[in-house]
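Trainee: Residues per chain are reported as follows:
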Amino acid sequence: MASDTERAATADVARGDVGGDHLLSHRTQRRLRRVFLYVVALVVATFVTIPVYVMVVIAFQSPATTFAGGNVNLLPSEVTLRNFRVLFDTTLTATYFRNSLLVTGGSTLLSTAIAVTAGYGLTRFDFRGKGIAARAVLFTYMFSPIVLAIPLYVVFFSLGLLNNLFALTLALSAVSAPFTIWLMWQYFQTVPIALEESAWVRGASRWRTVWDVVLPVARPGYISAAIFAFAVAWNDFTMARVVLSQDEKYTITVGASLFLDRVSIGWAETMAVSLLISIPPFLIALFLQNYLLQGFSVGGLE
Amino acid sequence: MSTTRERTGGARSLTERVDSTTLLLAVCLVPLAAFFLVVWVVPILYALGMSLFEAPVRNPQFVGFGNYVAVVTDDGFVNAFTNSIVYAVSTTVLSLLLGLGLALAINQRIRGGVALRTLMIFPYLLPTLVVIFLWKFVLDPNIGILNQYLVDWGLFEEPIAFFSTLTWAMPAVVITSVWKFASFAFFILLARLQSIDPDLYERARVEGASSWQAFRDITFPHLRGAILIILLVRGIWMFNKFDIIYLSTRGGPLDATTTLPIRVFEIAFEQVAFGQATALAGVMFFFLAAVAVVYFTVFTPAEEVTG
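Line by line, the protein sequences are chains A and B. Quick note: the UniProt record's numbering has the first sequence finishing at residue 302, numbered continuously throughout. Quick note: the UniProt record's numbering has the second sequence finishing at residue 307, numbered continuously throughout.
Read the hints as simulated data drawn from the structure, not as lab findings. Being a predicted model, the structure only gives us computed values, none of them experimental. Wrong hints could be hidden among the right ones.
Pair ranges (Cβ atoms, derived) [said to hold, decoys possible]:
(1) B:V298 to A:V263: 43 to 53 Å
(2) B:D152 to A:L293: 35 to 45 Å
(3) A:L215 to B:V30: 17 to 27 Å
(4) B:F215 to A:Y38: 13 to 23 Å
(5) A:S158 to B:A33: 21 to 31 Å
(6) B:L254 to A:A136: 50 to 60 Å
(7) B:E54 to A:S62: 34 to 44 Å
(8) A:W211 to B:F77: 27 to 37 Å
(9) B:N79 to A:L215: 46 to 56 Å
Some chain A residues near chain B, calculated using beta-carbon distances under 7 Å [unchecked claim]:
(10) L37
(11) V40
(12) G105
(13) L109
(14) F125
(15) L152
(16) S198
(17) R206
(18) F287
We treat Cβ as the ideally placed atom computed from N, Cα and C, and that holds for glycine.
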């Protein structure tokens, strides 16, 4: 008993409950701090969750139910796919979605491929100006998409590439590549050269070594790079808004952004489309969370 | 250029090896160079060129730095610049504080911490458009739940159209942005916190340090670098942010939330003055370059990638 109290007291000392007036016992103070922590966590959890909850509920309720009476009804009483049906019947949502998938898939592949090759090359080969290259990559990483979008618009305009999904794919890769390159550049440095050397000594060609030894080891790196490139392209509004101007070419973000101006589309359908746009990122968060966090630890994502 | 690690071992001849290495080098670096040339270097140089012309697309007239003078002396410039700073500073500082508080809390290993960490990914991964939809709904004057509660609790006399009043538009945009971007600071700081050796705290404990002293002498020094990076990088990105503001307020009401990126867009696509738009983009570019100098003295990229 006595030793227990003693231990608790030592722990309190360590946690800093010494000095000053002791109106409360150490244990109460510690409990209070614990309660405070949980309150903070709860408030943040609520702050984060409520808008998402609102989205899900409204997406699956008919507007009549949601807006019955004066107040918004947020305690679900029905599940209906009506909003999704309206969305697909009266808007080009399916086309927008397909365009987004095409552009995002293309840009993820392109950005990751460039990052892997460039990252390997920059790590394993020495040349003058590497420091400058590093600065250039990071500088472009901080670049404002809108400041890049204007020149790209002009260049695409003079090449007749406006309204072209391939041009948008290139533009989006321009936004994501600086970070994916940086990430792979750092990642390859954690792959010991000894791994490759032992393969060379055994007679494997450099190419084979890259394919059979380096790439498997670097997998977590390029998965986080791909997630980042995916997020940039899927979330993008700026580039698509500037490069595209035809309804059938719009990506889901640009297409859906017009819904609020349309009479036939209300909040119910807007929340339904929001949910659709959110599904791919949600799946990533669910399955690839750890890779995503790896990306953060390398120096942040946009 | 030369290869660092040449080995003559193996069955192949040296020349063969060098050839395949050179080819590998080419495969690695040529796409990179080509890509940067096509999507970065050429457009930016082209734009810098355009910024020296009046009506550069149809009937170019060389005006030297006239466009720069015009956009900087324009009435809207000071307002847009001020708004950019206000927006960047407030969103960055609030995101940092929120992220830091939560990272410290979760690092105490509270129950449900893992679930909370997962929850924090959602705002970050939700596309900006969705975030705007959600907050426009939550803050809506007629149906928004926040307005409902604020009026019910007597904090406000009547509902407020947050995104379209002069006083509230900027705070509403800031809240929306912080909601989305606090996780950025949170994840970086949490990663740093979790990399601190627990023995350090144990030793401090044995020596009788208070928890404030432990924070000041152990936690904070470990976080300082990360905090600096967050302030700089997040600050730069928020200064440059276009989509969140454009989608929520289009820069309005009047020019209350017009920042420099919004102005660049307006000048380019509403006034169709590409010379001036690229000049303003150029001003932002040079401003960014100046901040980058600070950034590169804090953060030394060359050490990170050649060490």
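Trainee: Decide, hint by hint, whether the structure agrees.
Mentor: Tested hints:
| no. | hint | in the structure |
| --- | --- | --- |
| 1 | B:V298 to A:V263: 43 to 53 Å | 52 Å, holds |
| 2 | B:D152 to A:L293: 35 to 45 Å | 39 Å, holds |
| 3 | A:L215 to B:V30: 17 to 27 Å | 19 Å, holds |
| 4 | B:F215 to A:Y38: 13 to 23 Å | 20 Å, holds |
| 5 | A:S158 to B:A33: 21 to 31 Å | 22 Å, holds |
| 6 | B:L254 to A:A136: 50 to 60 Å | 39 Å, violated |
| 7 | B:E54 to A:S62: 34 to 44 Å | 55 Å, violated |
| 8 | A:W211 to B:F77: 27 to 37 Å | 54 Å, violated |
| 9 | B:N79 to A:L215: 46 to 56 Å | 52 Å, holds |
| 10 | L37 | 5 Å, holds |
| 11 | V40 | 5 Å, holds |
| 12 | G105 | 16 Å, violated |
| 13 | L109 | 13 Å, violated |
| 14 | F125 | 5 Å, holds |
| 15 | L152 | 5 Å, holds |
| 16 | S198 | 10 Å, violated |
| 17 | R206 | 5 Å, holds |
| 18 | F287 | 12 Å, violated |
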